[in-house]
Amino acid sequence: MYNAVKPFSVDVKMSARIMAIAGQLEGAVFPVEGEVSVGRDKTNAVAIDDRVLSRRHCLVYEDEGHFLIQDLNSSNGTYVNGLPVTRRVLQEGDQIKVGESVFLFSERDDASESATRLEFEAGEARATLILKREDAVYLRAEGLPAGSRTVKNLEVLLRIGSSIASARGLEPLQRKLLHLILEVIPAERGAVLLAGRSPDEFASVFHWSASEGEPMPVSRSLVDRVMREGVALVSNNVLHDSSIDVTASMVKARIRSLLAVPLTVGGRTLGVIYLDSQASGTRFQEDHLQLLTGIAGIAGAALENALLLDGLERENQRLQAEINIEHDMVGRSARMRSVFEFVAKVAPSSSTVLIRGESGTGKELVARAIHRNSPRLAKPFVAINCAALTESLLESELFGHEKGSFTGAVAQKRGKLEEANGGTVFLDELGELAPALQAKLLRVLQEREFERVGGTRPIKADIRLIAATNRDLEEAVRNGIFRRDLYYRLNVVSLVLPPLRERRDDIASLATHLIRKHARNSTRRVIGLSEEARAYLTNYDWPGNVRELENAMERAVVLGSTELVMPEDLPENVLEADVPEEAAAGGFHEMVRESKRQIVIKTIEQANGNYSEAAKRLRLHPSNLHRLIRTLSLREELNR
Numbered sequence: 001m002y003n004a005v006k007p008f009s010v011d012v013k014m015s016a017r018i019m020a021i022a023g024q025l026e027g028a029v030f031p032v033e034g035e036v037s038v039g040r041d042k043t044n045a046v047a048i049d050d051r052v053l054s055r056r057h058c059l060v061y062e063d064e065g066h067f068l069i070q071d072l073n074s075s076n077g078t079y080v081n082g083l084p085v086t087r088r089v090l091q092e093g094d095q096i097k098v099g100e101s102v103f104l105f106s107e108r109d110d111a112s113e114s115a116t117r118l119e120f121e122a123g124e125a126r127a128t129l130i131l132k133r134e135d136a137v138y139l140r141a142e143g144l145p146a147g148s149r150t151v152k153n154l155e156v157l158l159r160i161g162s163s164i165a166s167a168r169g170l171e172p173l174q175r176k177l178l179h180l181i182l183e184v185i186p187a188e189r190g191a192v193l194l195a196g197r198s199p200d201e202f203a204s205v206f207h208w209s210a211s212e213g214e215p216m217p218v219s220r221s222l223v224d225r226v227m228r229e230g231v232a233l234v235s236n237n238v239l240h241d242s243s244i245d246v247t248a249s250m251v252k253a254r255i256r257s258l259l260a261v262p263l264t265v266g267g268r269t270l271g272v273i274y275l276d277s278q279a280s281g282t283r284f285q286e287d288h289l290q291l292l293t294g295i296a297g298i299a300g301a302a303l304e305n306a307l308l309l310d311g312l313e314r315e316n317q318r319l320q321a322e323i324n325i326e327h328d329m330v331g332r333s334a335r336m337r338s339v340f341e342f343v344a345k346v347a348p349s350s351s352t353v354l355i356r357g358e359s360g361t362g363k364e365l366v367a368r369a370i371h372r373n374s375p376r377l378a379k380p381f382v383a384i385n386c387a388a389l390t391e392s393l394l395e396s397e398l399f400g401h402e403k404g405s406f407t408g409a410v411a412q413k414r415g416k417l418e419e420a421n422g423g424t425v426f427l428d429e430l431g432e433l434a435p436a437l438q439a440k441l442l443r444v445l446q447e448r449e450f451e452r453v454g455g456t457r458p459i460k461a462d463i464r465l466i467a468a469t470n471r472d473l474e475e476a477v478r479n480g481i482f483r484r485d486l487y488y489r490l491n492v493v494s495l496v497l498p499p500l501r502e503r504r505d506d507i508a509s510l511a512t513h514l515i516r517k518h519a520r521n522s523t524r525r526v527i528g529l530s531e532e533a534r535a536y537l538t539n540y541d542w543p544g545n546v547r548e549l550e551n552a553m554e555r556a557v558v559l560g561s562t563e564l565v566m567p568e569d570l571p572e573n574v575l576e577a578d579v580p581e582e583a584a585a586g587g588f589h590e591m592v593r594e595s596k597r598q599i600v601i602k603t604i605e606q607a608n609g610n611y612s613e614a615a616k617r618l619r620l621h622p623s624n625l626h627r628l629i630r631t632l633s634l635r636e637e638l639n640r
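In the working numbering, the protein residues as written are 1 to 640.
In short, the hints are calculated from the structure, not lab data. The structure presented is a predicted model; accordingly, all values stated were derived computationally and were not measured. Incorrect hints may appear among the rest.
Computed Cβ-Cβ distance ranges for the label pairs, DEER-style [stated by the list, open to error]: (1) 474 x 591: 52 to 58 Å; (2) 183 x 237: 21 to 27 Å; (3) 478 x 414: 33 to 39 Å.
Below, a list of computed lysine-lysine pairs in the BS3-like style, where the Cα atoms sit at most 30 Å apart [to be verified]: (4) 460 x 413; (5) 176 x 413; (6) 460 x 42; (7) 413 x 403; (8) 345 x 379; (9) 413 x 345; (10) 379 x 413; (11) 416 x 379; (12) 413 x 252; (13) 440 x 416; (14) 42 x 252; (15) 403 x 440.
Virtual Cβ for every residue (Gly too), placed ideally from N, Cα, C.
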């Protein structure tokens, strides 16, 4: 085994700070020195002109080596990672939300890389020809041998250096590098292996073969020695060479020649370029070894930078996705307070969580809140809908697949379980999982390992599983649709989310939150709900729960024409429910409503009951007139 070299990373200690990642101050950074107050008043260290905020909303400060946040009895609350807080110790990566603004708390910067597993053939490596770095002629500043071959190789090195400098992205760089190498060295296949965090893992594996669809066996022993000693190795006539321990896969593939050189950057071995050939007439010469060593010297820094950039881009995409999703669960009812308490209790553990509830109740929001308040915060949160894919596609999506394992599997693919290593996997609509996949998922929960589709090597799964369903799993177990043993494995810690009709006290505040969310993308100013609209919303049962409410509020923002959402801006099914007494109570709005009623009745009478003519006189579309008649409850009166 070799001592794996960790991928390039930066670890710079910095003072604590909060960075605005959403809201009016987006992009601003505020160091936490002493006490940092946040609020609407201009005397605050972080002053935000947001009417949702209190004058002095919250405080961020240091106390005995810890950084804390404290809510200052604000009207609308302070949220950390989606949960309301009174006083809490802040951790690296916590997200603080006050009003429409979101801040990221940080004490230091980290760049990290994920690792990819690769299965190699074992065996002790011995080589016919070994080249040490100090003997590589193209890596010396002087003393190059004279000759036309040397000049040609220098031209090749210059062309490769120029080509890889223009490549953007890790995969395009590796592809271009291998294509150029195979143009000048008589190999049939090539691979670029970049070291990962442990001896058994690689941060990146890329190979190219003239015969698409065929796997490329890699001699682990040869790679181990190149990584460990930093030397280049070449061997010809592999199958009959007593100095090489030939493995079964090499015999099956009829490998005759091998060539491997280290990718060395700043005295560190970053990885290996590995070539082989099956042709009996192909022999790798010392000149090929020298040339490939020179190419590796040029390509090493470019590959290291591309690997770092690739990791940073993935992390950036993950963070952007986190920011763009509305995580906060809005509500102050007793039912929602119990949900917040549940999240706070289960988040620190690694127990499997089963979330039940009707469609649209916010099961994924709860799963994200658990992840964001857990020790796995810095690792990925991967969500997958079990009902959105066919059984075969879902299996590949979850567990990944090996190259050639089925038609269309042109390359090895990591599954969601591998991508979430160290983090959390959220399986939505778990009740729709096919029986075969239920058995595989049970193994993951019991053994914490799985195999890719078409693979034979078990892969460890360091994940926390959170599952959600709107089905009655007990009934599914009784009917033989869902495995009993899997149900017991999943039902370790369970939560039932209340439907919106059972927490009507939260409907108005949730609707206001959604109106402000969609108003940010609107061309007009919308600040909230009218009293009549509030009464209609609270009175409606919302069978589609929060998802239906959000659609209704987005529609109201798009179709409305005033600063407040009015009843006529609401969907017909909301208005056709029993009219709430609050909407019919006296006052200005009732007088406006009554005036509308009289205008519509009078105009229809003047049009002799012709609705199309009445709509024309009112300058309304006929469908809008019919909707207005329903909204004003005029149907019965007009039919008399």
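Is residue 413 close enough to residue 252, meaning Cα to Cα at most 30 Å? holds, 24 Å
For the pair supplied as a hint, residue 440 and residue 416, confirm whether the alpha-carbon distance does not exceed 30 Å. holds, 14 Å
Do the beta carbons of residue 478 and residue 414 sit within 33 to 39 Å of each other? holds, 37 Å
For a C-alpha distance cap of 30 Å, please report whether residue 345 and residue 379 respect it. Status holds; Cα separation ~20 Å.
Compare the distance between the alpha carbons of residue 413 and residue 403 with 30 Å, and conclude whether the hinted pair is satisfied. Holds, at about 8 Å.
Could you grab the alpha-carbon distance between residue 379 and residue 413 and see if it respects the 30 Å cut-off? holds, 20 Å
For residue 416 and residue 379, compute the direct alpha-carbon distance and say whether it is at most 30 Å. Holds. Residue 416 to residue 379 sits at ~13 Å (cutoff 30 Å).
Satisfaction of the hinted span 21 to 27 Å by the C-beta atoms belonging to residue 183 and residue 237: Because 24 Å falls inside the window, the suggested range holds.
Straight-line alpha-carbon gap residue 42 to residue 252, limit 30 Å: With Cα atoms ~75 Å apart, residue 42 and residue 252 exceed 30 Å; violated.
For residue 413 and residue 345, compute the direct alpha-carbon distance and say whether it is at most 30 Å. Violated, at about 36 Å.
Starting from the hint 52 to 58 Å, judge whether the C-beta atoms of residue 474 and residue 591 obey it. For residue 474 and residue 591 the Cβ distance comes to about 54 Å; the hint holds.
Quickly compare the C-alpha distance for residue 403 and residue 440 to 30 Å and report which way the hint goes. Holds: residue 403 and residue 440 sit about 20 Å apart, inside 30 Å.
The earlier numbered hints that this structure contradicts are 6, 9 and 14.
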